[in-house]
Every structure is written in structure tokens, then in C-alpha cells.
Amino acid sequence: MPAEFIHHKNRVLILAFIFSESIFFAFLITAFVLYHGRSPNGPNAHNTLDPLKTGMYSIILWASSLTMWLSEKSMMNFRMDRCKRWLEATMILGGIFLIGQGFEYHGMFAKGISIGTDLFATTFFSTTGFHGLHVFIGLIVLLIMRGLTSAGFGQEEYQREGFIAASYYWHFVDAIWVAVFFILYVWGTR
Amino acid sequence: MTTRDLLLTAWDWEPSIVIGCAALLALYFYFVRPRSLWRILCYCTGVVVLLLALVSPIDALSDHYLFSVHMIQHLLLILVVSPLLILGVPADFAVRFLGRPRIASAERVLSNPFVSWTAAALALGLWHVPLFYNFALAHEGVHVLEHLIFLVTATMFWWPVLTSVPELRLGAGATVLYLFLASLFNSILGIIITFAPLGLYPAYVHPHDVLGILLLIRNQWGISAVADQQLGGLLMWVPAGLIYFSIIVGTVIRWQSGSEIDLTETQDSYIARGEHAA
Amino acid sequence: MSEVPVALPVLRKLERFEKEAGMLSWLASVDHKQIGILYLITALIFFIAGGVEALLMRTQLMFPENRFLLPDAYNQIFTMHGTTMIFLVVVPGLLGLMVYLVPLMIGARDMAFPRLNALAYWLYVIGGCLLYFSFFAHDAPAAGWFAYTPLSEKPYSNLQGMDYWALSLLVIGVGTVATGLNVIATVATMRVKGMSLRHLPLFTWMSLINSFLIVAAMPALNAALVMLLIDRQLHGNFFKPAAGGTPIYWQHVFWNFGHPEVYIMVLPAFGIISEVIPVFSRKVIYGYAVVAGSTVAIALLSFGVWAHHMFAVGMGHFLDMIFAASSMLIAVPTGIKIFNWIATMWGGAIRFTTSMWFAVAFLIMFTIGGLSGVMFAVVPIDWQLTDTYFVVAHMHYVLFGGTAFAVFAGIYYWFPKFTGRMLSETLGKWHFWLTFIGLNLTFMVQHNLGILGMPRRVFTYPNIHSWNVLNFISTMGAYVLGISVIVFLWNVIRSRRHGALAGPDPWDAWTLEWATSSPPPVHNFNYVPPVRSARPLWDLKHPENPDWQRGRRTPHHAR
Amino acid sequence: MHASSVLQAHSRLDQPIVHLTIVVTAIMFAILVLVFFLVVYASLRYRRRPGMAEPYQNFGNKKLEITWTVLPFLLLVSIFVLTVITMGDSDPPPTTANGADPSPDLVIIGHQFWWEVRYPKAGFTTANEIHLPAGQRLLTRLEAADVIHDFWVPELGRKMDMIPGTPNELWLLADHPGTFLGTCAEFCGNEHAWMRIRVISQTPQDFADWEQQQAQSPSLPNNPAAERGEQLFRSMSCANCHTIRGVSSADVGPDLTHLASRETLAAGRLENNPVNLEAWLHDPNNFKPQSYMPNANLKPDDLSAMVAYLETLR
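From first to last, the protein sequence lines are chains A, B, C and D.
Using my numbering, the first residue of the first sequence is number 1, and each one after it goes up by one.
Using my numbering, the first residue of the second sequence is number 1, and each one after it goes up by one.
Using my numbering, the first residue of the third sequence is number 1, and each one after it goes up by one.
Using my numbering, the first residue of the fourth sequence is number 1, and each one after it goes up by one.
If you are wondering where the hints come from, they were derived from the structure by calculation, not from laboratory data.
C-beta atoms are modelled at their ideal positions from N, C-alpha and C, and glycine is treated no differently.
All the pointers check out, no bait thrown in.
Taking CB as the label site, the calculated pair distances span:
1. D:44 to C:500: 24 to 34 Å
2. D:70 to C:426: 44 to 54 Å
3. B:141 to A:40: 36 to 46 Å
4. B:41 to A:19: 31 to 41 Å
5. C:503 to B:169: 40 to 50 Å
When you get a sec, could you build the whole thing from the sequences and use the hints?
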């Protein structure tokens, strides 16, 4: 175990957790891939998903990884004001993504597509729904971080470690979306 | 044609390959001047396997008939030839060769674990995308390029694990992680191919029967097109996985049985420091 | 010696709180020792529940065409028995030992995340209650512990039992992952000075590997459960053939969890055996590196063998062969361990305490289970014997003859550490022999039942003479096992108050948990001895021949 | 009833499995004896005796470790080779001489908790009882109507799951005439225990006769009681679930067209005779509790009329 791991129990925990969560998502995505093409008549990826529109929201989500990174950097340099601003930006971007997903769902519900409609709908709503749930949890974590920074959090090393762990989680949420987006929206609609 | 005829006649002594292999040997003995029998054995076996993979019936079968044999060919290049060649390079030569600053800095970049892992994974992943794979099958030049890329990226990949220079080798924990992730990637790719519907690689579904052995393969060997693709995926998934697996376990055992007392790698717990407890 | 800062007001306060609050302190505890004990006690309670279920089943099967239980009751009981034993007894019991012992063995004050530790325990309690609440909701789950779809889907399991089952396992699964993460973080970052990863006691090493297995395997279960719940509650289509879904996908996902789970249930047991056998043989573990490395081999391979549960599914010969090969392969590292344990006993000075009796019996019982496991890797044999009583016999030799024996060995070994008092050796010997005889009576004959064509999971069976005799013997064995558990409980309850005082190190052992008082103080250690090898206390007791000098005197340690 | 042992083979396809089982069991037993001997010997020989000092601390031996890694490995490799050979011998792929997939001779469909048996080439359906011409292998297609079942006749060969939506195929063969008992081997619900099947292997001549007889429609009821029974069958809910060719058509319960010609009732639950049939109809729950066969609450004279009718279905 390299020496730099010593103080990093938060980081070890969150990395192992991310590993665990990736496997969870892998099985949901596998279900989508396995059942792809088995809903020829009902709604399916071809006739339902809009990779362009969702692609825009995706870029917004991925951009939030950048702002999160900037926020983390600022904290490491003890620039707490910047840290807070970038954190807020991250939350706004994440929020926009969730709203985008909400619109997408709403559009599908309006067309009468819900999770039980067919295999595509089941796998689509499960995968993106669980991802959305993770984004939502991530937002709550960031909100807590934002509250803590206002209370002077971030001066001690172990506090910064906690912040780093939160940012790892956020990057993970974005990274999973890379897989989800390219498999469901790009490969699925090709 | 019977299996026997096939094994005896389907050798394609492509001059460029024979010359290339001979050059590999000549360069080795002229420049490297190995002294350890073990290293010579490794290196020569590596070259022989390389030659066999590229001129023997393996090549004929993989060019025209069987995806699974083509997979064997690639796995030989990636998992056998490259590691053996690296094992054949003695430390003193490596140190001399890397003595030049430019080469040393190139080595630092190429064998950076992130770079080498990514390169190997990309090479393996991209060449199995049907678009590229089928293109390579149809164009001989691209096919040669494919094999060269496999050799180069595999050498990059195995260098930090197997090099004879201890300072350039990854630590035990890093090696385990490095190989575990590689085998994971490998397995996922293999699983996808195994369970994918038939027709990822159409050239193997209806092969051009250039040697007149298609009936032999389909009926006597009993390998249908479906079985061929499954088998190819399985080969990538399991035997390849087992090679990574053996090296991982070997690494762990070797590291665990290291008896030297290395106080630099042990750490203070917070009890000794006493800071968190307060 | 590294000295613990003595004036630690927080710890003092904690200690006072524990004294004053009495029983209440257990409810709010974040101390790994209390949580470990809670795990063990809760697992014991569920063990009794699962045992009663087993006795009900065996009573129903005592005679052919018996009318003691109706089919739905029987099916609920065997489903609850399997689910209880796996998710509420074995895994949490082992987790209890892990969270109690791992911090002590690495010289730490507590787990890396004490509150997460408590959360995980309480999730387990909630999950367990949720599962058992299904009885009161009129309908316990009845689709077997692996709940194959579509039997576990709405039209075929119409009432809420399956929903309780899925929800409770989801809750327990989340808790188990949390503990797995916690153990990883603890071992990675909380080791005392000198305790490098190469010096970990083997129980801790195997707990670490086990935690990686947990972290990687449980999400597969969680994913499967989530998909099942979506199908059942939200009219999803994952496993519905009518909508194009594939019921086999459930099996793939479930066994992706289920087979590593088998090793999750057995690796810590290996760890216990690797502690108990050396101490009572008075010898260092034979081939430490190989025992540790083969654990990694098992962990890695365990993710490549899942479909050997599915040879009867008709996956095609290629896939069958591949999984046969990997399943056979996993026998190699397991066999290596058995040989190393025997080699550890070889040339030793063996003390036959109850703990050692269980450990030695483990070697043989587990070998029986392991070898019948290899038979299931031989595909054609599996085609005949899978889903028969032969499987039931096999897995009970692994889980009862293997894991439970190891846990009993561990409890007789560490009970003095947990409570400060020794378990009675006399009652212990009774307990051991009753368990040993009961186990073999119950399950040995089930091998024969399987060979004679009796399928598993039948609530009754036709009147066939050989089946009648063997089933009767098996039921008698189960009653013997029931009595053995009563003896064990009596031993625990009695010794807790009246057992002989243990002192800090009753077995003259070598790992760090014996370097502190029994039971350990809230802060675990007043002094942590220097750690320079895997047996710090041996080094302390044998300054003339410490382990850490081994490499220096004989350059090639192999002799 | 007798037990159907896994170690008995009455089929050329099962013979290799039996041999393999015996060989592998012998090997495993030998290893068990070795381990047992080593453990017991070590326990007896190396007990601590009073006054003993700490024994010599042996940390391991590389050569021994390699030995007990490589030897089991080689043993397993040979077992693996035997496995692969036996797989091919006992479960040949369903192909014809020219490599094409042939159409099945026999379709077995698992239902909760009975078996539908179709002979597509002869064009009739029966239930819970399979007839085979001895020495001739039939390509059998396995399907499921509701949940996963598993077709297993231990003396004839491998078991194979019956999966809704994913049919499986296997060769069914009995070397000589005889009756072979089987069962559903995958837990399928309440009455899983009583989902039993029997395979009746006959000489080719007997089989041909049986096939011809099964392909015919049953003769019309020939006495007043039976006629009344048929009326009852039509008017009560029986016809909603059961097929009797020419009378009703449904596949919730077993096809009853030639019920009286079968050996058992209710998927192997009872021997087929008028007394048992009456008892079964009187209270199905008494024999297969919680199966889907309802109690029709027949009055005594209706019951005997129904039995009289069903007994004419030969």
C-alpha cells in the first residue's frame, strides 16, 4: 500500500464504493443491451430517444465534472470563495441535467410510455432512473458540502479529504452517464 | 483435404515474416549478447511462437475460415510472444539501452501504466469493433498493421510487469490492480463476443473456401459459424483471463513471501501518532 | 513500544457512559466490539429460527406422504430456512467476527467508520425483521432462496411474500456492502506501525479479501432484486417471457452474486481455521504466502464460475465446458489450503481443546463438501445430480461441516476474549460430538438419496422403501443437531457468568488481540507491542527465535 | 414404486455418465481417504505430551507447495478431458446426417404440475406418460407453459430445464422395453413433489400400436352412465381446462382423450384404476393439496357417472 494512502480512509471507502456501484449499473446496462431489439413494435430506442437533445444535457452534466474539479482545486489552494462558487455552479449544472431528464420522462409519459410498456421502456427507465437517483443523491451531498463550507469546513486535512471523496462520487456519477449515454442513446439508436 | 493434409501443406512462408523473425534473432544475439540460458530460451521461444502464429496453418485458418483460430493467433501475439520477448531481455542490456536520456524519457512515457494500459485496451477493443475488424480482414496491408499494433501495444503493456530491471517494475499492489483491470476489460469484451448474435464478422459466416476445407471444418471438426464465434469469445474470455489470473496470483505469493524487513513501507497508525483519538 | 496517549478525555467519557448506561449503551453503540457481539447474538437468534425451520422440514419428511405440513407451508419454510441461514446467520455471523477482531488484530482503536459500522448492523436487523414480518403478513416467500423467475414473479407468487423477501435482502445487501467497504478502509488505513500487509494475521487477510468479494458481488444481488421488484411492483418486463424477457437473465445475475457469496461464507471460515490450527499446534502457519495467495486465487476465480449452477439450463456445450474448467480450477487453491493446514499440524504439539476438535473436524467435513463440489463441476454428473438431495448434502457439508464448524472453533477460541471467561470444555466436548454425529447422520445419507433420484425441495415423496429409511435416518440426525445447539446455548449462557476466568491470553497465542485484556477496554489497547512479523506476540515471547529474524538467518527460508 | 438410481443406465446415452460418475466418485473417495488418513495421523502422532518444548517452527517448503498445486491440477485436467468426452457421448447435438436441425419427434411441455406430451409427427397429445420405441432415439423438445420445470428421468440420461420462451432439445432413448420413472427436478411451486413422469419403452411393434390407438378419437360413450358422465363433463367446468378430443379443447389441465389407457393419475400421484379415479375426483385436494385441480363437489351418483365416462376413454 503506497504511503500516501495512510490518511485517506474516505478516499479508500469511496473508491471501493464506486467499484461496487459500477457493477450494479453494469447489470442494468447489460439488461438493456440484452433486450435491445426485442421491442420491435412498441416504443424502442429508435423511435423514442433523441440523442441530440439528451446529448446537450449530457454535455452539461459532464461540464459539471469540470466545475467540481475546479472547486476541489480551489479548496486545496485555500481559496474558499472560489470553491463555493464552483460548487454552486456544479449544483446548478447537475440540477439542469435532472430537469432535462424530467422533461424527457414527461414527454414519454405523455405519449403513454411508462416502465411497464415493453422491454425497452423497462430497461430504459430502470437504467436512467437509477442514474438520476444517483445524481439526486450527489446533489444532496454537494448541498451538504456547500452548507459545511459556509460553516468554515475545509481548513483541516481530514475535512478536505471528505470533500475529495464527495467529488469522486460526483465524477463517478458523470462517468456512469458516459456509459449510459453512449450505449442507450448512441448505440441504441444507431 | 484432410486435417493431416491441412497441417502439412497450409504453411505460408511469407518472406517478410521469415526475414523479420530472423532479424529479431540476429539483432538479439548481436546487440544484446545474452548470457543467461533462461533469457535466451524465453526470447527464442517467443520468436518461434511468433513465426508459428504467422506462417503455420493457424494463419491460413484465421485469414479465411475461423474467427476462433484468428483469436488464438491474436492471443498468441499479445499474451505469449510479447511477454516472452520481454523476459528475454537481460537487465544489463536494458539499463545500457535506456542509458540514453531520450530513450529513457520515451520509456517513461510509454511504460507509464496509464498510457500502456490504455494503449493495449484501445488496441484490443478497437480492432474487435466489427467495422475495423472486417476492414482488416479484407485488406492485407491493414491486417499486417493490426498485428504490428498488437505486438507493440502488448510489449508496452507487459514491460512494466515483466521487465528485468526492478526499478522499472510496478509494485505488487499496482501490478495486481493493473492486471485485474486488464483481465476485466478482456473478459467483458470476450463475454460480449460470446453472447452477441451471429454475424459480427460476416467473413467467417460464409467463408471464401480458398483451400477447399470448409466442409472438413463444418462437418468433421463440427465447428459451425455460431460455435466459431462463441468459441472465439470464450477463448478471449477464459484462457486469456487465466493467464492474467496466474500472473496475479504469482505476484501476490511472491510479494507475500518476501522476507526482507522493509520498514519504509509500514505505516504509523493513528494510535502511535495519537492525533485522531483526541 | 508504542504508547497510547493515556489522557484521552473522549475515551474516558465513553467508558463512563458504557458503565452508567448499561444495556442502553448497546443500542447506541458505535464500538466495534459491542457491534460485533450484537451481530453474533442476532445471528444466533436467527440461527435458532432457521434451525427450528429445518426441524419442521425434517419432521415433515420423516415419513413418505406425511401430512404434517401442507405444500405451501413447507415451501415457505424451506425458503425461509435457506434465506435465513445464508443472509441472516452465516454472513452476519462472520461479519460480527470480522468487525470484532479485525481492528484488534491490526492494533487499531476501532473500525475506520464506526458509525457506518453501526448503521450496517442496524440495517441487518431491520432487514431480518422485515423478512420475518412476512409470516405475520400471512405469506412468507415460497420460491426458494434463489427465487428463480418466473416462479417468483407476480402471477406465480401472487401475495406479498416475495416483496418482503426482495426488500429485506436489499436492505441487508446494502448493509453488507457498507461493512465490506468499512473493513477495506480499516485494513487499508488503520494498521499499527509495523503491521504491513504482509504481516496481517491470516484471519484479517482473508477478511480483507472477503470484503473485496462482498463489494464486488453484492451489487449483482441488489441489481437482481431491483429488477425483480420493478417487475413485481411496477409491471416491468425484465423476466417475463410473454414480453420477450429472458428468465435465464435472472439466473445469470443472481449467480453472479450467488457463487461469490459461497466464498463470502467460507473465506472468513478459512481465516478462523488459519488462526486456530497454528495456535493449538504450537506451530507457525505452513506456507503463509501460499495460503494468502490462494485466497486471492479463490476470490478471482469465484467470479468466473457462476454458471456451473446452470448446467441443466441448456446453455450449450461450450459454455458448460468453460464453466466446468473454471469450477474445477477453483478446487486447486482450496486443496492447497487443506494441505497447508495439515502441514501446520505436522510436527506440532497439538492441544485438543474443543476449538481444535472443531478445526480438525472442519478439515475432513469441508473436504467432503469440497470433493462433492468437484463432482458438480463434472458436467455430466451435474446433469444427473443437480437439484437432487445430493446438492443438499454437498452444500450442508460446505456450510455446516465447513463454515459452521469453523465458526464454532472460532467461538470456543475467542469467547474468552469476548467475555473474559472460558467456555466449559466438558460441555464443549458434548457439543462437538453431538454436532459431529448429528451432521453426518443428517447429511451423509442425503448423498445416497440424491443418487437414488430424490429431487430437492419436495414437500413429500412417494412410498419408496430406500427413500423412507434414508429420510428417517436424516430426520433423526437433525434432532441430534437440535440437541447439540441446546448444549451449545447452555454452555454460552452458563460460561458467560460462571466460566473460569480467562486472563488476557489463555491460549498462549500470537496475534495482537491477545495483547490486551479480556474483554478489551473501550480503547482496545493500553500498549501495542512492536509488530515486525505476522506473529508479534511470538516475537515477544521468544526473543531468542523471533519470526522476523527468519529471513536473515536462512536466506532461503524453505527448509 | 421403485427408486430410479442415477447409477443405473437403461440407455446408451446414460451409460457414459454412469461410468464417469463411478470413476470420478472413486477418485474423490481416494482423495478423501488420503486427507482423512493425514489428518488422523497428524492428530494422533503429534499430540502434545507433558513437558514438551515448543516444536520446530517450519515456515514452509516451496517444493511441497508446488507438488500439491501441480498434482491436483493434473488430476483435474484429466477429469476435465473425461468430462468433455462424456458430454459429447451422452448429449449429442440435435443434428441430422446433413447437418440441419431436424424437427422434434416429441414435444414435452411442463405445466404446474403436470406434463403435456405431444407427438407432432403422429399428431396427437397425451399427458404425464411418454411412450418410446425401444432402441430408437427420439429428438425431444422441452418447453414450459408457465414457470421453469426440469425434465429428468435418471435412468435414461441427463436432466434438462424446461424454460418458458427458450425451448431446449435433447435425445431421449431407452435401450430396451421397460418403465422408467422421472420427476420434475426444478422447484416449480406447491405441487412440485407430485410432478412425476414415467417413460414407457416398448418394442417398436407395441409402440406403433400404441401410437395408432392414441391417434384415434375415443369411442363414444356406450352406456347410460357414461353418457350422463359426458354430459356432466361438458356442462360442468371440466371442459374449461381439459381436452377430450371431439368434446372439448383446453390446455390448463392434462389432455384426457385416452385417460383410461394410462398407468397413473394426476402426474404419477395414483395408480390409474376406477377406485382411485373416483377417490381423486371426490377430493383432489386430499391427494394433491393446493394444485389447480378444483374439487367439483360431485354428488355420489354424478361421481360414478363421471368415472364411468372417463373409464371409456381408452
